[in-house]
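K.L.:
Sequence:
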Amino acid sequence: MASNLVFYTNPMSRGRIIRWMLEETGADYETVVLDYASTMKQEPYLSINPMGKVPAIVHNGHVVTECAAICAYLADAFPEAGLAPPTTERADYYRWLFFAAGPVEQAVTNKSMGVAPTEQQQRMAGYGNYDLTVDTLERAVSAHPYIAGDGFTAADVYVGSQIGWGTQFGTLPKRDVFTDYLGRIMSRDACKRANDKDNALMPAPEPA
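Mapping to UniProt numbering: the sequence shown position 186 is 186, numbers consecutive.
The hints are simulated quantities; they were obtained by calculation from the structure and are not laboratory data.
Bear in mind the structure is a predicted one, so any value in this text is a computation, not a measurement.
Treat the hints with care, since some could be wrong.
[As the list claims (entries may be wrong)] Ranges of calculated distance between the beta carbons of each label pair, as one might list FRET restraints:
1. Gln120 to Ala69: 28 to 38 Å
2. Glu105 to Lys174: 11 to 21 Å
3. Pro79 to Pro203: 30 to 40 Å
4. Gln42 to Thr109: 33 to 43 Å
5. Asn60 to Arg123: 38 to 48 Å
6. Asp131 to Asp180: 14 to 24 Å
Glycine is no exception: its CB is placed at the ideal position from the N, C-alpha and C atoms.
Construct the entire structure; sequences and hints are all you get.
P.N.:
Here it is, written out as structure tokens:
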């Protein structure tokens, strides 16, 4: 019997964010691993995501792409997991989830490509400049134990993944605030399970 929740991914991709989110929900799901050079760029996957990018999910016949959107969707689809605040308390939840998906993603990508907007261009760039974005992220992370307050939410999965990758690969600075925050969220059992599952899918190293 086919699962009503299918997860399309590659273990060397942003799909690791959604694997963590899925493990947090406790939901049953089917995993479809795609290859960058072939199955990700051809049918039937292009009918799910014409961008030819992962991750994506199909839940009860509905497609959701984009990591922040998938995190928010899964939190609402599986409310028993408690991964979204009450609707009256979602200001910080939405604010920082989409700050990480927008300004942080743009600032980090541009910096890694050697793009630094001039003072005039900073008026057009949604993130302004890299240093401003990183400082704002640091203040957000240091305001509460978790990004949206006193409890862990889906926003921590996304924001934490961005910070984790950024500090690991040098696209974000290793500030004490970031290190402390990662220590709180990445020790969670769901995060460990997700990493174990994705690591098991990694290609074997080439023989020396």
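K.L.:
If a hint holds in the structure, say so; if it does not, say that too.
P.N.:
Comparing the hints with the structure gives:
1. Evaluation of the 28 to 38 Å hint for Gln120 and Ala69 yields a pass: the beta carbon distance comes to about 32 Å.
2. The beta-carbon spacing between Glu105 and Lys174, approximately 19 Å, falls within the hinted interval of 11 to 21 Å.
3. The hint said 30 to 40 Å for the Cβ distance between Pro79 and Pro203, and at roughly 37 Å that hint holds.
4. Range check, Gln42 to Thr109: about 26 Å between beta-carbon atoms, so the 33 to 43 Å window is missed.
5. As the Cβ distance of Asn60 to Arg123 is approximately 43 Å, the hint placing it in 38 to 48 Å holds.
6. For Asp131 and Asp180, the Cβ-Cβ distance of about 21 Å falls inside the hinted range of 14 to 24 Å, so the restraint holds.
Taken one by one, the earlier hints fail for this structure only at number 4.
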